[in-house]
Amino acid sequence: MENNLLEYLKTALIVSIIGIPIWFSMRKYAFRNLNKTMASVLFIIYLTATVFTQNFIPFVAVIITLISMNRNNREDVDLYNFRNIKGHKTKIVLNALLFNIVVRYINVVFVNLIQLLGIKPEPQEVIKVFNNSNWTVVIILTFITVIFAPVVEEYVFRHILYKGFSKKIGKISSSILTSALFTLVHFNLAGTVSFFAVGIYNCYLYEKYGYRAAVLNHFIFNFVPTILIILAKIYGVNLT
Numbered sequence: 017m018e019n020n021l022l023e024y025l026k027t028a029l030i031v032s033i034i035g036i037p038i039w040f041s042m043r044k045y046a047f048r049n050l051n052k053t054m055a056s057v058l059f060i061i062y063l064t065a066t067v068f069t070q071n072f073i074p075f076v077a078v079i080i081t082l083i084s085m086n087r088n089n090r091e092d093v094d095l096y097n098f099r100n101i102k103g104h105k106t107k108i109v110l111n112a113l114l115f116n117i118v119v120r121y122i123n124v125v126f127v128n129l130i131q132l133l134g135i136k137p138e139p140q141e142v143i144k145v146f147n148n149s150n151w152t153v154v155i156i157l158t159f160i161t162v163i164f165a166p167v168v169e170e171y172v173f174r175h176i177l178y179k180g181f182s183k184k185i186g187k188i189s190s191s192i193l194t195s196a197l198f199t200l201v202h203f204n205l206a207g208t209v210s211f212f213a214v215g216i217y218n219c220y221l222y223e224k225y226g227y228r229a230a231v232l233n234h235f236i237f238n239f240v241p242t243i244l245i246i247l248a249k250i251y252g253v254n255l256t
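For reference, each letter of the sequence shown is one residue, going 17 to 256 in this note's numbering.
Everything labelled a hint here was simulated from the structure, so no lab data went into it. Check the hints yourself; a few may be wrong.
Quick list of the computed label-pair ranges, beta carbon to beta carbon [unchecked claim]:
hint, residue 1, residue 2, range
1, 152, 23, 18 to 26 Å
2, 128, 254, 17 to 25 Å
3, 94, 63, 22 to 30 Å
4, 183, 60, 28 to 36 Å
5, 246, 55, 19 to 27 Å
6, 109, 80, 38 to 46 Å
7, 135, 55, 43 to 51 Å
8, 109, 135, 31 to 39 Å
9, 65, 88, 18 to 26 Å
10, 154, 183, 38 to 46 Å
11, 185, 36, 16 to 24 Å
Below, simulated SDA-like cross-link-like pairs (lysine to any residue); rule was C-alpha separation at most 20 Å, straight line [as the list claims (entries may be wrong)]:
hint, residue 1, residue 2
12, 179, 189
13, 26, 60
14, 224, 180
15, 144, 154
16, 183, 216
17, 249, 154
18, 44, 59
19, 187, 94
20, 183, 40
For each residue, glycine too, the CB sits at the ideal point set by N, CA and C.
With the hints as constraints, model all of the structure from the sequences given.
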């Protein structure tokens, strides 16, 4: 009973923090001419689909929104934050790889410290699912983790929340607040340092290079452990 309640709370939190902001963004740029009745129906369908499809539907919604932004060419569309990173891509990738190594090392130290205090953190739920699922599910999870999650989460936490809060409480406070929220929605004590660090660093990347840089760093951060988990599954190594 308690586990079911916790899962419901997790789902509600994810839909509230991730799903709903994306909807309103898509409504603003892609469906602004819809009447209220049709918009309400689509909103219900969108939320229901979000609950049952992880971040796939929010991913589609973000893509629709980005396409609409480019096509509309309205004055209130902030295309600068979606600028091309072609001239900076190599630097961003190399820094992302270094960041990945350093942060994961610090996270291991953090996990060891809390274990010394008698706290045994659980591995991420996604690791358990990867280990216990067939290869069809593994392939789907790989797309969700490596492709969909970076696009969706960076749009919400950096472009919507970080950018929005920065105007009210300043960039430093906004980066701390949104990174804390980013950590919270991942529901994993063992990854606390990693998630918070990614949040802070991606706020910096968003400011310096824009949304695409934050997505690229997030992609690399998720890609590396996903490949390691898949290799462990292939060779029968139990990571849990």
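Evaluated hints:
Separation of residue 152 from residue 23 is about 23 Å and conforms to the stated range, judged on CB atoms against 18 to 26 Å. The given range of 17 to 25 Å is respected by residue 128 and residue 254, whose C-beta atoms sit roughly 20 Å from each other. For the pair residue 94 and residue 63, the supplied restraint of 22 to 30 Å holds, since their beta-carbon distance comes to about 26 Å. Under the hint 28 to 36 Å, the C-beta atoms of residue 183 and residue 60, about 31 Å apart, fit the expected range.
For the pair residue 246 and residue 55, the beta carbons lie near 41 Å from each other, so the given range of 19 to 27 Å is not met. Taking the beta carbon of each, residue 109 and residue 80 are about 28 Å apart, not inside 38 to 46 Å as hinted. For the pair residue 135 and residue 55, the beta carbons lie near 46 Å from each other, so the given range of 43 to 51 Å is met. As the Cβ distance of residue 109 to residue 135 is approximately 35 Å, the hint placing it in 31 to 39 Å holds.
With their beta carbons about 25 Å apart, residue 65 and residue 88 fall inside the hinted range of 18 to 26 Å. Distance hint check: the CB atoms of residue 154 and residue 183 are about 41 Å apart, consistent with the given range 38 to 46 Å. Take residue 185 and residue 36: their Cβ atoms lie about 21 Å apart, and the range 16 to 24 Å holds. For the proposed pair residue 179 and residue 189, the alpha carbon gap of about 11 Å is at most 20 Å, so the pair holds.
Taking the CA atoms of residue 26 and residue 60, the gap is near 19 Å; set against the 20 Å cutoff, the hint holds. Taking the CA atoms of residue 224 and residue 180, the gap is about 17 Å. The hint holds against a cut of 20 Å. Of the supplied pair hints, the one linking residue 144 and residue 154 holds, its CA atoms being roughly 11 Å apart against a limit of 20 Å. Taking the CA atoms of residue 183 and residue 216, the gap is near 17 Å; set against the 20 Å cutoff, the hint holds.
For the given pair, residue 249 sits about 10 Å from residue 154 by alpha-carbon distance, which is consistent with the 20 Å threshold. The hinted pair formed by residue 44 and residue 59 meets the criterion: a straight-line CA distance of about 13 Å does not exceed 20 Å. Taking the CA atoms of residue 187 and residue 94, the gap is near 17 Å; set against the 20 Å cutoff, the hint holds. Between residue 183 and residue 40, the direct Cα distance comes to roughly 19 Å. Compliance with the 20 Å bound is thereby established for this hinted pair.
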